Each structure stands twice: as C-alpha cells, then as structure tokens.
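Asker: The listed protein sequences correspond, in order, to chains R and A.
So that you can map any letter, position 57 of the first sequence is 223 in this note's numbering, and since no number is skipped, the others follow by simple counting.
So that you can map any letter, position 127 of the second sequence is 128 in this note's numbering, and since no number is skipped, the others follow by simple counting.
Derived from the structure by calculation, the hints contain no laboratory data.
Wrong hints could be hidden among the right ones.
[What the hints assert, rightly or not] Covered, in the sense of this in silico footprint (three residues per stretch, anywhere, with C-beta under 8 Å from a C-beta of chain R), are these stretches of chain A: (1) 27 to 40; (2) 61 to 75.
[Said to hold, decoys possible] Distance condition first, Cα-Cα at most 20 Å in a straight line; then the derived SDA-like pairs of lysine to any residue: (3) R:K292 to R:F256; (4) A:K130 to R:G182; (5) A:K69 to A:G91; (6) A:K69 to R:Y213; (7) A:K111 to R:S214; (8) A:K58 to R:F225; (9) A:K69 to R:T261; (10) A:K130 to A:N103; (11) R:K292 to R:V232; (12) A:K130 to R:P181; (13) R:K233 to A:L95; (14) R:K233 to A:D93; (15) A:K58 to R:I229; (16) A:K130 to R:E264; (17) A:K69 to R:G182; (18) R:K233 to A:P9; (19) A:K58 to R:P181; (20) A:K136 to R:E267; (21) A:K69 to R:P236; (22) A:K130 to A:R40; (23) A:K136 to R:P181; (24) A:K136 to A:F38; (25) A:K69 to R:E267; (26) A:K22 to A:I37; (27) A:K130 to R:P180; (28) A:K130 to R:I229; (29) R:K233 to A:P94; (30) R:K233 to A:A65; (31) A:K111 to A:W42.
[Unchecked claim] Computed Cβ-Cβ distance ranges for the label pairs, DEER-style: (32) A:V24 to R:Q241: 40 to 46 Å; (33) A:K111 to R:S295: 30 to 36 Å; (34) A:A16 to R:D238: 45 to 51 Å; (35) R:S258 to A:L95: 33 to 39 Å.
In this text the structure is predicted, and so the values were computed from the model without any measurement.
Positions of the beta carbon are idealized from the N, C-alpha and C atoms, including for glycine.
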Amino acid sequence: MIGAIRLPDPVVSPPGAHTVERKDAEAKVKAIVGNEPVAAQFKEISYSLPGRVLLGQTFSPRIRIVKAIPADISQEGRVIVACWAATNEFGSGSTLSEALEDLSRSIVELFLALIDEAALGPDLQKIRSRLSDHIELRG
Amino acid sequence: MGKRDHQPSIPVVLAFLLCDKIVQEAGTGKKTIVGIFDRVWAESFPTVHGPFGIYAKLADAAGAYDLKIDILHLESNEMIGQGGMKALAGDDPLAVVDLVLNLPGIPLPKQGTYEFQLSANGVWIGRTKLIAARKKKGISK
Chain R
167 MIGAIRLPDP VVSPPGAHTV ERKDAEAKVK AIVGNEPVAA QFKEISYSLP
217 GRVLLGQTFS PRIRIVKAIP ADISQEGRVI VACWAATNEF GSGSTLSEAL
267 EDLSRSIVEL FLALIDEAAL GPDLQKIRSR LSDHIELRG
Chain A
2 MGKRDHQPSI PVVLAFLLCD KIVQEAGTGK KTIVGIFDRV WAESFPTVHG
52 PFGIYAKLAD AAGAYDLKID ILHLESNEMI GQGGMKALAG DDPLAVVDLV
102 LNLPGIPLPK QGTYEFQLSA NGVWIGRTKL IAARKKKGIS K
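Please construct the entire structure, taking both the sequences and the accompanying hints into account.
Answerer: Structure follows, in structure tokens:
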C-alpha cells in the first residue's frame, strides 16, 4: 500500500501588481500592432446598464444552474438591484456584478431552505418548482 | 428528456485571471500562466497597458459557446473593450476547457476599477477585476 504524502504548507501572498512605464508600454504596443495606437484596436462601444441579465453562476459548489436565471436590473441612486421576479428574490450592490452575486447568494439560500418539498405549503411548493426549473443540487 | 437537455450546459468558471502572458505547449496543450496581476500602477492617466493575457478555466462545459468578454470601467460605467470567441467543448460535461487570450494591449483612460465580465451564449458566468491607480513613490514593480 502506498502511503499518503504530507503536502508542504501553501504559500499565501498578496496578488501581483504591474507598473506601466508609459513610453515603454506604448512602444511595445506599437511594435505589435504596427504604428497605430492601441486605442485604434478598440471600437467606440456604447454601454448602458442592461435591463435584463441572464445569470449563470451561483458561487456555491453544491448548486448547479441548468437554465439561466433572468435577472431584471434597475438602479436606485448609486445602488444597482438585480431581481428575479418569478421568485421575488433580489440582490443589490454598487456594481452590476455585485448585485448579481448577491442575487445568486439569495437564490442559493432560498433553494437550500426549500429543499424538503414535502414539508412545504402550496405557495412555497410553487416557488420551489420555479427554482428547480433553473437550478439543481450537484451529485 | 427535458428541453434543457438540448441546450449547452452553463459553464462554471473555476479560474479567471489576468497575467503578463500565457504560453501554450504545442505537444501537450499545457498552459503556463506568467505574471498574474490584479493591479496596475501608472504615472498618469490615460495610459496604455502593454500586452497581457486573459486566462479562464471553465467546467461543466458541453456544447458550442459564444464566449464574450466585456471590459468596463466601473466608476464611470464606460465600456473600454469587448471581445468574443467561439468555443467547442465536446460532449463530456465533466470535461474542462481553457480559455486563453493574449492581447496586444489595452487603453486605461482613467484610474479606478476595471471589470472583465465573462459571458457564455449571453449568460453572465463570471468576472475579474483590475485596479488601476497612480504609481506611489517607492513602488518599482
């Protein structure tokens, strides 16, 4: 029988940072893309907060999204709100991604709370059924 | 079989990293991710960041995907870059796929937080952040 090895302690350190030396960076970019400035590689892209985003990530290892969750997006002052109307769940944050991540946490909590379908009343069974159309337990 | 079985599964993002470059070994397909970073120091803004790489590892991917990366400056909600690619992940839902993108550079018009948002077939699946700030005295790299 082969014994297990003891792994060395992992090294945890802050993430890396990069310093842009402006002239150097521009020279490198020009060398790669020709004499056009790198900005020319990017088109002017207009952007506004989307009205709806399809959410496909739960950040929970226990849960898998099998059908994207439609999240309605709105802005209230500086706060962005993502709402899944079918279950009345919402999440908020200072950015769209924070709002989506908050919403996904709420959905996971709700799904796990309603896992015992037999113990639920009719209203909660409906919500549980809507959740099950979109997410499932792994394994 | 339900309707969902005919649609590609929604990938899970296991890693989403910015780095200096990604080297792919020709024979084995192994990737070497060089110089992972999440902050950029610059003397002034606007500036231009030189070549860099985007790496993502996706699990639960089976089928064909239109992958899209949107790059946003969060404070101003301006989009500064957008790119897309097609990926074919095969039929095995347990397989993982690597997304490798080496870019020539990117303009950073302002200091602040930039977010790289990843979507697959129009579904938001993950993000990573890049913080751009003025270079402080004493920081060389």
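Asker: Now look at each hint and say whether the structure bears it out.
Answerer: Verification of the hints:
1. 27 to 40: The restraint on the segment 27 to 40 of chain A holds, since 5 of its residues have a Cβ under 8 Å from chain R and three suffice.
2. 61 to 75: Satisfied; 4 residues make the cut.
3. R:K292 to R:F256: Judged against 20 Å, a Cα distance of about 18 Å means the pair holds.
4. A:K130 to R:G182: holds (13 Å)
5. A:K69 to A:G91: Within the cut-off at roughly 19 Å; holds.
6. A:K69 to R:Y213: holds (15 Å)
7. A:K111 to R:S214: At roughly 18 Å apart (the allowed maximum being 20 Å), S214 of chain R and K111 of chain A satisfy the hint.
8. A:K58 to R:F225: holds (15 Å)
9. A:K69 to R:T261: holds (19 Å)
10. A:K130 to A:N103: Given pair K130 of chain A, N103 of chain A holds - Cα atoms ~17 Å apart, limit 20 Å.
11. R:K292 to R:V232: holds (18 Å)
12. A:K130 to R:P181: holds (12 Å)
13. R:K233 to A:L95: Within the cut-off at roughly 17 Å; holds.
14. R:K233 to A:D93: Holds, at roughly 18 Å.
15. A:K58 to R:I229: Holds: K58 of chain A and I229 of chain R sit about 18 Å apart, inside 20 Å.
16. A:K130 to R:E264: holds (12 Å)
17. A:K69 to R:G182: violated (25 Å)
18. R:K233 to A:P9: Judged against 20 Å, a Cα distance of about 10 Å means the pair holds.
19. A:K58 to R:P181: holds (19 Å)
20. A:K136 to R:E267: violated (31 Å)
21. A:K69 to R:P236: holds (18 Å)
22. A:K130 to A:R40: With Cα atoms ~8 Å apart, K130 of chain A and R40 of chain A stay inside 20 Å; holds.
23. A:K136 to R:P181: holds (16 Å)
24. A:K136 to A:F38: Roughly 15 Å separates the two Cα atoms, so the pair holds.
25. A:K69 to R:E267: holds (19 Å)
26. A:K22 to A:I37: With a Cα-Cα distance of about 9 Å, the restraint between K22 of chain A and I37 of chain A holds, given a limit of 20 Å.
27. A:K130 to R:P180: holds (15 Å)
28. A:K130 to R:I229: violated (24 Å)
29. R:K233 to A:P94: Between K233 of chain R and P94 of chain A the Cα gap is close to 15 Å, so the pair holds against 20 Å.
30. R:K233 to A:A65: holds (16 Å)
31. A:K111 to A:W42: Holds, at roughly 12 Å.
32. A:V24 to R:Q241: 40 to 46 Å: holds (42 Å)
33. A:K111 to R:S295: 30 to 36 Å: Violated - the Cβ-Cβ distance for K111 of chain A and S295 of chain R, about 46 Å, lies outside 30 to 36 Å.
34. A:A16 to R:D238: 45 to 51 Å: Since A16 of chain A and D238 of chain R have Cβ atoms about 30 Å apart, the given range 45 to 51 Å is violated.
35. R:S258 to A:L95: 33 to 39 Å: holds (35 Å)
Of the numbered hints stated above, those contradicted by the structure are hints 17, 20, 28, 33 and 34, listed in ascending order.
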